[in-house]
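Given the coordinates of chain S, assemble chain C onto it according to the supplied hints.
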Amino acid sequence: MKRAFPIFAVFTAVLLSYAMYEALVAAPTEKTMGDVQRIFYYHVPSAWTAFLLFFINFVASVVYLIRRNPIADAIAVVTAEVGVVFCTVVLVTGPLWARPVWGIWWTWDVRLTSTLVLWLIYVSYLMLRRFSSSGQTPVLAAALAVFGALDVPLVYFSIWIFRTQHPQPVIGGGGSIDPRMLRVLLINWAAFLCFAALVCWSRYRLERLQREVEETQALEALLEPRGSR
Amino acid sequence: MSIASGLTRATLAKDLRLEWRSKDAINSMLFFALLVVVVFSFSFDPNAEESRQIAGGLVWVAFLFAAVVALNQTWARELRNQVLDAYRVSPAPANSLFLAKALGNFIFVAVLEALMTPLFIMFYKLRALGPAWQLIPVAALGTWALVVNGTFFAAMSLRTRSREIMLPLLLFPISIPALLAMVNATTAILTGELSARVWIVLLASYDVVFTTSCLLLFETVLHAE
Chain S
380 MKRAFPIFAV
390 FTAVLLSYAM
400 YEALVAAPTE
410 KTMGDVQRIF
420 YYHVPSAWTA
430 FLLFFINFVA
440 SVVYLIRRNP
450 IADAIAVVTA
460 EVGVVFCTVV
470 LVTGPLWARP
480 VWGIWWTWDV
490 RLTSTLVLWL
500 IYVSYLMLRR
510 FSSSGQTPVL
520 AAALAVFGAL
530 DVPLVYFSIW
540 IFRTQHPQPV
550 IGGGGSIDPR
560 MLRVLLINWA
570 AFLCFAALVC
580 WSRYRLERLQ
590 REVEETQALE
600 ALLEPRGSR
Chain C
2 MSIASGLTRA
12 TLAKDLRLEW
22 RSKDAINSML
32 FFALLVVVVF
42 SFSFDPNAEE
52 SRQIAGGLVW
62 VAFLFAAVVA
72 LNQTWARELR
82 NQVLDAYRVS
92 PAPANSLFLA
102 KALGNFIFVA
112 VLEALMTPLF
122 IMFYKLRALG
132 PAWQLIPVAA
142 LGTWALVVNG
152 TFFAAMSLRT
162 RSREIMLPLL
172 LFPISIPALL
182 AMVNATTAIL
192 TGELSARVWI
202 VLLASYDVVF
212 TTSCLLLFET
222 VLHAE
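If you read the sequences in order, they're chains S and C. In terms of the working numbering, the first sequence opens at residue 380 and continues consecutively. In terms of the working numbering, the second sequence opens at residue 2 and continues consecutively.
A portion of the hints provided could be inaccurate.
[Unchecked claim] Now the stretches of chain C that chain S is said to cover, found in silico as 3 or more residues with beta-carbon under 8 Å:
1) 166-172
2) 181-189
3) 194-203
4) 206-215
Quick caveat, the hints were computed from the structure, so don't treat them as lab data. The beta carbon of each residue, even a glycine, is placed where N, CA and C say it ideally should be.
The shape of chain C in the complex, shown without the other chains:
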């Protein structure tokens, strides 16, 4: 177990250091999310009440699209110099690699969300009428839901033609329940009309189901060559 967690920590630290120095993923994600915010703002031009109704959808669509940018880069870096092949032949447990990548993506997307949320609040004049603290579990569980499957499917689409397009094609249909839960929970909290609890429970169960299945199947997918 200590070797596994050590490997996770080492890989995660390496990815974070690489990202800190290059800022490739975070810059492209930020710019992309910013564009989505601006375009949506132009196309709907909502007042404060309307924003509250649609913001849940807008926020999560922007984050989802931006996350795909980061997810697509997850494994690309390991293909250079055959690093991934080295992983395959090494006796290191595959799941610690997967966890490191998923955690790394989670951190990237969480940073993106933290930076973008003030912009959303500003542009859409948002103010939560429900319990705002509930947005934190929704964001954490929702981000993990996107990222855990996204990391897995990114590994799957590595060996496909036009892999950058393949990832959203695989990820979006499977993520529909999670998206529905995130969007509705956020809307429920912003409008304060309904309780978000049932959606948070749904998100948590989605996370449990798919984290388990990713960990069970990742080794198979990694070694599929």
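If we strip away everything but chain S, and leave its shape as in the complex, we get:
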């Protein structure tokens, strides 16, 4: 098991470099957008990865509320943190692409706005975890995660109505994707998923170690209350 982590790390590094080569060199250049379009190979996989991580966070939170299993809570922390990082990547690469292509950094479109709100919800989740002082942080955080997940369809639906009532400059809009581009996209997604799994893995080990240290310290304080003074 100890050997598995470095092996997986090397594998991820190789896959990421291959995906980068595919995205920046091998993939065909888009006709109208040119090279700017290549950011798409980073933007979309990050988005899918972030959504997947948030979904895992929701499932882990529900499991924690039912079973009070500390492993589920550790998974919830890890996926929320890494998910916020990937969601930030999405929100940064999006405007970088939009500026040359649409001529604007940002528009209050359904997907953009929903992603931003999702990011806000999970940042508030991390804030709660950070500011919560009691030993019951996991319960509170899990409850908030459930609220956040329930909010997602409402957010999407409300912004969808908002946008249909006030039409915006048409963006993106259907169209088919070149199969070569799709291949590169999927390779990049696989690489990003491995990368996310790697970061989650190492963050998970850190979280477990941290908890062990805290437990040991608490136990020591109980066993020799005055010995150290």
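Chain C only, in chain S's frame:
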């Protein structure tokens, strides 16, 4: 059920009596909302047509910020003399406590809205061009949407450092769909250009979803100690 509703009624009556005698929450909310109205009025200086376009947003932002003032005080009073701990060890159903607190906050914010609306109409020269009666369901559903989650998150932020700041940080992101619905419904009614019905339906479903989840999870959060 009768014990539960009795407890709700008793707690609600106690909170209302306390508020009636001290007027802490309502005074600070009123003054706060008044400041928001005045500041916005200075910074935008709108004419009647512009006011109609922006009033929905202004009104609800003012009410939202003012509501946070009341929501933050919801549980503070129960911390003194360990009243909340007494609730925890008593066999009383947690949800009746929650409902009493949420209803109390709803009444406070509703009173605030009733008092502030004439001021808004005066300062912003408002006159609804759409069906004005629809503002009542929008206000009722919108206020409940803010208050039910606000009461819940106030209970959650009780056990955090700097809890007064924590409440808006938790409440605002989750409330975005409700806010969007309230603001757009109000604007739609004031300008009379669009129908507010879809927004009212959205607000109602928001209320149903989050009232249910608050009632399901409140006991867990109350006993998290």
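Tested hints:
Counting residues of the region 166-172 of chain C whose beta carbon lies closer than 8 Å to any beta carbon of chain S gives 3, which meets the minimum of three for the stated coverage. By the rule of at least three residues with a Cβ nearer than 8 Å to a Cβ of chain S, the coverage given for the region 181-189 of chain C holds, with 3 such residues. Judged by the Cβ-Cβ criterion of 8 Å, the region 194-203 of chain C is covered by chain S as claimed, because 4 of its residues qualify and three suffice. With 5 residues having a beta carbon nearer than 8 Å to a beta carbon of chain S, the region 206-215 of chain C meets the requirement of three or more and the stated coverage holds.
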